[in-house]
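Visitor: Read off the chains here:
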Amino acid sequence: MPFMEFVNFYLMPGIVLGSIYALGAVGITLVFGILRFAHLAHGDLATLGAFAALGVVTIFGVSPWVALPVAMVVCAFMAIGIDKLFYDYLSERPKIIVVMSSLGIALMLRAVVQVVWGVDTETYTRGIVRPDDYWGIRIRDREIYTIIAMFVIVGVLWAFLQKTKWGKAMRAMSDNPDLALLSGVDNRKITMLTWGIVGILCAASGFFLGINTELKPLMGWTMLLPMFAAAILGGVGRVEGAVIGGLIVGIAEETSVLFIPGEYKAAMAFAILLLILLVRPTGLLKGKVL
Amino acid sequence: MELIGLLNYAVFMAIFIGIYSLLALGLNIQWGFSGLFNAGIAGFFAVGAYSSALLTAPESAVHLGGYQLPVVVGWIGAMIAAGAIAWPIGKVCLRFRSDYLAIATIGVAEIIRLVVKSEGWMTGGARGVNKIPRPFGDLSYLYSQLAYLALVFAIVLVVYWAIERQISAPWGRMMRGIRDNEDAATAMGKDIKARRLEAFIFGAAVMGLGGALFAHFNRSITPEAIDPMIATFLIWIMLILGGSGNNRGALLGVAVVWIIWSASEFVTDQLPTEYAIKAKYMRVFIIGLLLQLVLRFRPEGILPEPQGTAGSPEVKTFQKQESAAK
Chain A
9 MPFMEFVNFY LMPGIVLGSI YALGAVGITL VFGILRFAHL AHGDLATLGA
59 FAALGVVTIF GVSPWVALPV AMVVCAFMAI GIDKLFYDYL SERPKIIVVM
109 SSLGIALMLR AVVQVVWGVD TETYTRGIVR PDDYWGIRIR DREIYTIIAM
159 FVIVGVLWAF LQKTKWGKAM RAMSDNPDLA LLSGVDNRKI TMLTWGIVGI
209 LCAASGFFLG INTELKPLMG WTMLLPMFAA AILGGVGRVE GAVIGGLIVG
259 IAEETSVLFI PGEYKAAMAF AILLLILLVR PTGLLKGKVL
Chain B
132 MELIGLLNYA VFMAIFIGIY SLLALGLNIQ WGFSGLFNAG IAGFFAVGAY
182 SSALLTAPES AVHLGGYQLP VVVGWIGAMI AAGAIAWPIG KVCLRFRSDY
232 LAIATIGVAE IIRLVVKSEG WMTGGARGVN KIPRPFGDLS YLYSQLAYLA
282 LVFAIVLVVY WAIERQISAP WGRMMRGIRD NEDAATAMGK DIKARRLEAF
332 IFGAAVMGLG GALFAHFNRS ITPEAIDPMI ATFLIWIMLI LGGSGNNRGA
382 LLGVAVVWII WSASEFVTDQ LPTEYAIKAK YMRVFIIGLL LQLVLRFRPE
432 GILPEPQGTA GSPEVKTFQK QESAAK
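Top line first, the protein sequences correspond to chains A and B. Counting from 9, one number per residue, gives the positions in the first sequence under the working numbering. Counting from 132, one number per residue, gives the positions in the second sequence under the working numbering.
None of these hints come from the bench; they were simulated from the model. These numbers come from a predicted model, not from an experiment. Beta carbons: idealized from backbone N, C-alpha and C, even for Gly. Among the hints, erroneous ones may be present.
[Stated by the list, open to error] Covered stretches of chain B, going by a simulated chain A footprint (3 or more residues, C-beta under 8 Å):
hint, segment
1, 165 to 176
2, 225 to 238
3, 241 to 250
[To be verified] Computed list of lysine-lysine pairs in BS3-like fashion (alpha-carbon distance at most 27 Å, straight line):
hint, chain 1, residue 1, chain 2, residue 2
4, B, K324, A, K103
5, A, K294, B, K222
6, A, K224, B, K409
[As the list claims (entries may be wrong)] Partner residues aside, some chain A positions facing chain B, computed with beta carbon under 8 Å:
hint, residue
7, Y97
8, P269
9, L285
10, P289
With the rest of the complex left out, here is chain A (with noise of 0.2 Å):
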């Protein structure tokens, strides 16, 4: 095969791919690594972010790239309010029950979708659009979009999380909650900014999975596999990890159409996951096991 063709048909849909994997994986990893557990609606959060977008797009007939900041909005204050209603009540107990009251989250989410937006398939913007050639490269506008924005909402996290003072004590308490609580950061406030930053991330990766493909009540639930696979093979806790983990994840599933039936891409996110828990569970990037 040349190399033209496996670049253009495998490895950059694999890098789109990872990049909408990239950044649900980043908001799993936070929720993971500062709040301590595994966030089973992460997926469906996404879907109701894409569908917002879908929302805000069919009302006022806007472009959907003006519908993502106000998705964004709207899954940041979901998050919060799902923190406030559900999950706060459960902080006292073992983290495991709120688990479980994530995945009874997710069916929520998903009804809510179901309910509002029926169950048929949806697109942001109708027509086919043709790929453009970049020096042999054969991307279209909206991959590069994916692609660029991925990069610099992570990068602004980095850099939030790095130079803010709310950043570092995010990471503080990531590390030692009961510490960071010692030295004065307020648990509750950077939880409900965690959530916030969560929320913002879920919406702008089911956007992009959205405009990259179709909007189905279930695209986020079949993402999740992949973003929890992406956020331990890149270790738990760490954002840059993340990333290099969703695309790993992307490029992997896409490519392993050469090798296996296409019906079983999807498994691909699970045998990475396991063989990542089998020999180096802290992940690429040493991060932590819960």
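Using the hints, position chain B against chain A.
Guide: Just chain B now, with coordinates in the frame of chain A:
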């Protein structure tokens, strides 16, 4: 005539309650007694259903099989197959906190769904496996249903008895000890990984048996028969509402949730079509909300796990020794 219809419906419901009871008892071994989070119940259910179906079904052009083994062999095969799927997953994930197991079991259920759908030579693909023999299937409709109901209840009773025995044995106390305080159990020299693996496989085997009973009851099994999320989630809410760590609670939870679930289906079916579909999803929303409410206001369930060791053999011996010393 009405009465017969009603009776038929009641028997049908009761059989389903029996099948779900097995799933809930299986989950109770994993979650209730051992604290293992299995979010892929539907996967183990499907493995059990398909294994038993393929072992017992007559020969067919669309799927593997034609072994026509006795039903009992099929059921044992279902338990072995479900346990065999659980083994590698448990082996990898039980070293960590149960969050990892939750994710991995979601993955397992997904993979099993993929395999069932795409490996047509084995499972018959979308057409599934049909003409699965059913015990007492030759009798007239009502009697055959009643006989199957009796069989299902007998199996549930046997499984219930087996689990109760196992849980009141030292093994059960050790499992609860591991669940409640892992460090202390390690300090006592318990091999936590191995013990958890036992519980995980034991529970998975019981779930596989539940799947087998379902396949033989339906006489056919197709990929559509199993909605992974709803099935898994219903079992969870049954166990949590009934009382995890208490087998009687699990059975009660199954009956309560299944009756609510079916009654609400009955209500939504009466609605005009355009609302009926939305109402179907509202039902899922409400069942999710029910879980949140139970977790928040009554986490121990309707019938909580019995606390304390007043009735346990050690305490009695200890008391005897105390009184003898006096």
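Visitor: Please go over all the hints and tell whether each is borne out by the structure.
Guide: Against the structure, the hints come out as follows:
{"no.": "1", "hint": "165 to 176", "result": "holds (count 3)"}
{"no.": "2", "hint": "225 to 238", "result": "holds (count 11)"}
{"no.": "3", "hint": "241 to 250", "result": "holds (count 5)"}
{"no.": "4", "hint": "B:K324 with A:K103", "result": "holds (20 Å)"}
{"no.": "5", "hint": "A:K294 with B:K222", "result": "holds (22 Å)"}
{"no.": "6", "hint": "A:K224 with B:K409", "result": "holds (16 Å)"}
{"no.": "7", "hint": "Y97", "result": "holds (5 Å)"}
{"no.": "8", "hint": "P269", "result": "holds (7 Å)"}
{"no.": "9", "hint": "L285", "result": "holds (5 Å)"}
{"no.": "10", "hint": "P289", "result": "holds (7 Å)"}
Of the numbered hints listed earlier, not one is contradicted by the structure.
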